[in-house]
Amino acid sequence: MIRTLLFFIALGINTTVGGIGVMVIGLFQRHSKIALEWIMKPRAKSLVWIAGIKLTVEGVENVDFRQSYIVLSNHQSHMDIPVLLAAMPNHFTFIAKKELFRIPIFAQAMRGFGILEIDRSNRNRAIATLKDAAQIAKSKNISILAFPEGTRSEDGQLKPFKKGPFMLALDARLPVLPVSISGTFPILPKGKLLIRGGQQVRVTIHPPVIVENASYESREQLMDETYQRVASGFMQYES
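Be aware that the sequence shown starts at 33, since it is given in my numbering, and climbs by one per residue.
Honestly, the hints are just simulated from the structure, not real lab data.
Predicted model, so just to flag it, every value in this text is computed and none were measured.
Glycine included, every Cβ here is placed at the ideal spot set by N, Cα and C.
Any given hint could turn out to be false.
Between beta-carbon pairs, the in silico distance windows are [said to hold, decoys possible]:
#, residue 1, residue 2, range
1, I135, E93, 28 to 38 angstroms
2, P121, V49, 38 to 48 angstroms
3, E93, E257, 11 to 21 angstroms
4, L37, R251, 19 to 29 angstroms
Quick list of in silico lysine-lysine cross-link-like pairs, PhoX-like style, CA-CA up to 20 angstroms [what the hints assert, rightly or not]:
#, residue 1, residue 2
5, K129, K86
6, K172, K222
7, K77, K130
8, K65, K170
9, K65, K194
10, K191, K170
11, K191, K129
12, K86, K170
13, K170, K130
14, K222, K129
15, K163, K130
16, K73, K86
17, K191, K163
18, K191, K172
19, K65, K130
20, K130, K86
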């Protein structure tokens with residue numbers, strides 16, 4: 033209970049103070065590496081520490097820092113975003129569901145950093161967001177992170193992937209970087225607010241899936257290959 037209280041106090045402070053910092057930087061430059069490295073990552077690492085997470089990162093050698101990627105990860109928990117910010121070594125931004133943009137300060141900070149808002153209930157708007165993401169990735173040499181399951185898993189199991197992020201990769205002609213998060217589900221699962229600390233969490237960065245010469249007709253194969261790589265580093269939660 034004390035850990036949970038400390039975590040949410042820190043989350044509130046980080047969101048307010050960090051959010052203002054990101055908003056100010058965003059007035060001059062969106063998708064700023066300074067905002068990511070100096071504000072977002074340190075605050076994410078502090079939340080990971082307060083939650084008592086023992087974080088291990090594998091596969092950093094699979095990241096070419098000169099290359100942009102479509103980074104695709106499984107999604108187990110509220111803790112996935114802080115964990116990925118703490119773990120991923122490259123410069124990236126997110127695609128986030130529109131509901132998150134209703135949270136005061138947090139929403140302004142996300143817009144200041146250039147996080148892309150996707151309306152999953154409106155197909156045309158969702159497609160437009162993915163096209164914007166492809167353009168940003170190509171023009172700004174920045175990776176785009178998305179959760180191909182579409183939402184957090186309710187039982188810790190890996191769910192089928194949706195097509196949108198793979199259409200993004202094909203539109204942008206950027207390699208897919210599969211990432212597995214293992215161990216965050218019991219810490220803060222969907223619908224829960226009590227932190228279960230002291231957990232081992234592993235982030236595995238897999239070799240990229242090349243899409244440069246792939247066709248839209250081969251997207252099912254691309255989805256399957258990415259799914260298999262994510263699943264290979266993913267320890268499913270068993271109650």
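Assess, step by step, whether the Cα of K77 is no farther than 20 angstroms from the Cα of K130, and give holds or violated.
-> Status violated; Cα separation ~25 angstroms.
Is the distance from the Cβ of P121 to the Cβ of V49 consistent with 38 to 48 angstroms?
-> violated (24 angstroms)
Given hint K172 paired with K191 - CA-CA distance at most 20 angstroms | violated (31 angstroms)
Does 28 to 38 angstroms hold as the CB distance between I135 and E93, or does it fail?
-> holds (36 angstroms)
If you draw a straight line from the CA of K130 to the CA of K86, is it 20 angstroms or shorter?
-> Distance of about 31 angstroms is beyond 20 angstroms: violated.
Take the C-alpha atoms of K191 and K170, compute the straight-line distance between them, and say whether it is at most 20 angstroms.
-> violated (29 angstroms)
Would you mind confirming whether the straight-line C-alpha gap from K129 to K86 stays at or under 20 angstroms?
-> Violated, at about 28 angstroms.
Hey, K172 versus K222, does the alpha-carbon distance stay inside 20 angstroms?
-> Cα-Cα ~33 angstroms, so violated.
Under the criterion that the straight-line Cα-Cα distance not exceed 20 angstroms, is the pair K86, K170 satisfied?
-> violated (35 angstroms)
Given the hinted pair K65 and K194, is their alpha-carbon gap at most 20 angstroms?
-> violated (29 angstroms)
Restraint status (C-alpha distance of K191 to K129 at most 20 angstroms) | It holds: about 18 angstroms lies between the C-alpha atoms, which stays within 20 angstroms.
Restraint check for K191 with K163, where alpha carbons must lie at most 20 angstroms apart | violated (24 angstroms)
Violation of the numbered hints given earlier is confined to hints 2, 4, 5, 6, 7, 9, 10, 12, 13, 17, 18, 19 and 20; the remaining hints are satisfied by the structure.
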